[in-house]
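Engineer: Chain residues, written in single-letter form:
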Amino acid sequence: MTTATQAAPAPRTTPAAPAPPRVIRPIPMSRLAKVELRKMFDTRAGFWLMASVGIVSVLATAAVIIWAPDEAITLETFSTAIGVPLSIVLPMIAILSITSEYSQRTGLTTYTLVPWRGRVISAKVLVTIAIGVVSMFLALAVGTVGNLIGSTITGLDPVWDISVATFSSIVLANILGMLMGFMLGVLFRSSAAAIVGYFVYSFVLPVAFGTLAAFQEWFRDLQPWVDVNFAITRLFEGSLTTEHWQQLGVTTLVWLWIPLALGLRAIVRAEVK
Amino acid sequence: MISVESLTKQYGPFTAVDHVSFTAETGRVTGFLGPNGAGKSTTMRVMVGLTPASSGRVTVSGRSYRELVNPGLEVGVLLDASAQHAGRTGREILTIAQQTMGLPRARVAETLARVGLTEDEAARRVRDYSLGMRQRLGLATALIGEPEVLILDEPANGLDPAGIRWMRDLLRGFADAGGTVLLSSHLLHEIEVIADDLVVIGQGKIVAQGSKSELLAAAGTLVRTADVDRLARALHEASVVTSPIDGGLRVDADPELVGETAHRAGVVLRELRPADGAGLEEMFLELTALTSRDDTAREGAAA
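Order-wise, the sequence lines are chains A and B. At position 180 of the first sequence the residue is numbered 180 (full-length UniProt numbering), and the sequence of numbers has no breaks. At position 146 of the second sequence the residue is numbered 146 (full-length UniProt numbering), and the sequence of numbers has no breaks.
Here chain B stands alone, though its shape is the one from the complex:
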């Protein structure tokens, strides 16, 4: 379990992380979602002692990171897959981790196989790796000590759809076996595929958190019709909150109520369905728009 308590990090007058509190539960995959520059990486660096916090604290399995005597065996960390010496081979990088942790030598080959890097790939120098291969190698470094907790910053970055599915299965298996996983992403759809719980951060503050099903359920109903105005009026008369979307409405009510209201008002519907994640997506788009300097984040969230 990872527990973040009122964590704050200031750089001069700029507050990168502002009283962030959340818990990543054992046996669950927690997605840490936010646009680029929202404070995800800073929060994660503070977790593992690379960045000193201005205030607040983080505990991993009840202890602060620096209290762990051999952290690699308890917490697997991947912060930046590209932060490796380009001149080392993949196997060498993993061997350094294996030796630092004091693990048996055979663990290197086992872990390489576990993340799907071949012998041939492991013998290549990291400068010749694709981003996806670097992510797999970084994940190997995180996994080699068989930790109970994983802290992964943008681990799906650079993976193809098959790679993302592979990572989902790997992390699912890890959590099901009693592990804790915290992974960050700036892509909503990516994290929707992998995570059980979501923590959404924007401009250093937590803006939403809860289980994925909770957050998605809160999104209400999506309805499309040729006569949007009439339906909106009818719904307002039934004291239901609506917000206009392209060619229809997002309604804070279940589809049955919306269907009934439309029927009574005599409005013909084109589409009526639960707004899976639409609310979350809108919120996320707003967040991204606020910091709209990264178009890829927006495209990714809308994808």
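Chain A on its own, in the form it takes in the complex:
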């Protein structure tokens, strides 16, 4: 054998060496949650949606300080002013966390790297709830600062009229709102459909039920057991009776938990394209 017959191998730009046998560990839930959290912030749209929680809180607080009459400068006023826009922003965050996998088709990669879709969805739920809770504390902090500034301007003593119990039930109400958005995202797997669905859920249905209750005697007593928004809204006022809690349980079972379960069942089985 001569060296002349040994053809030089074509130069390899990258010698791809498949790894030797190695220990492969399962992907822990904490890692999935970390990745899902990252995915909520790593686009301009996502970043500004998250930033809008802070921006909305500050704007609403400024509006109260500027326009509210002196006697209305209380923590509750701030909380309501911040809470209304947040009750729309937070469910949008929840919706997009799930639907972007489908509308942007990133699910193709996500579910290939993590074929257990239930775990991916669980990580998303965990992160969504965590974001909800953190946002509420952020809103509380902004509201508190606003209340201090406002009362300094008016010269009156600051009024702290939100108890820990009330704050907790407001947090719960917002989490339920986010889960509502999440459920619609899981059910429709399309951003547009889920967002429209959310507005129907939170603005059209309450009006429909309210009208029905106003004009139909028989429905008046039934409404708290049927209208989920009616039941959730009571959380903002605090101090729920046992019956109120039961109504919250029944309405969320029908409007949230059952559709969520159906949606999850479908999402785990559906083809990802």
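Simulated from the structure, these hints should not be mistaken for lab results. For clarity, every value in this text was computed on a predicted model and none was experimentally measured. You can trust all of the hints, since none of them are fake.
When the alpha-carbon atoms are kept at most 16 Å apart in a straight line, the in silico EDC-like pairs for lysine to aspartate or glutamate are as follows:
#, chain 1, residue 1, chain 2, residue 2
1, B, K212, B, E281
2, A, K273, B, D80
3, B, K205, B, E286
4, A, K34, B, E92
5, B, K212, B, E192
6, B, K205, B, E5
With chain A's structure known, arrange chain B on it following the hints.
Structural biologist: Showing chain B alone in chain A's frame:
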């Protein structure tokens, strides 16, 4: 190694994949060839658990995909380079894969360099990427976990000729180092350049499979002459099967026999050569014609 056993996928009355069986061997690049809509992508989606099979099964290194505990480290997958969030940067997309798999952070820069994306390109958002750049990024996502198996759907789509050669070298190196590569294409010439083995699919069914040299050798001889009829008669007398082509014949015999027959019959030849891939090409054109809704596939196969 990837093993597909009698895989079937039905959508209502429509059978997208019909009892498909083949093996992609370790150390080889297997080309999965078929016109658009033949069932390549569906087969590949079933392989990685994105689409449930109606029946049959697929194993990767002897296990089903869902049994892998961290699939990215064992199987590199690229199904659609455009299926990425347009608002993320290339580096961010690769970082998500790196974090999901639990790999060291340095692997991101290494892999970007390996697929030929510059720092500057990696910092751009994917909406500003060309298809070729998306393919490189998709390939990076597949390679970052240093898997032993690659499953790539149309990876050469959008690459220029230099890019295709680059990919051939990359995949060749990967297979030579003991890896398994399955890649699909609807372009015969593209897959001829890259693959060792071919699996040809049409309308959901496997129509041919074997090593590239086998399939090409089966093509016989190409002969051109001014007197096609006389040569055809002479060859038929020698019980050789022929089929007419433009200005000549394709003959199921080696060139020596055809030359001898022509000499005895006194026919002057213009051209006599092994019909490299002509048979495969004809078969592929027929397949494409059957589903003739995609002209680019036909042009590509004829190119």
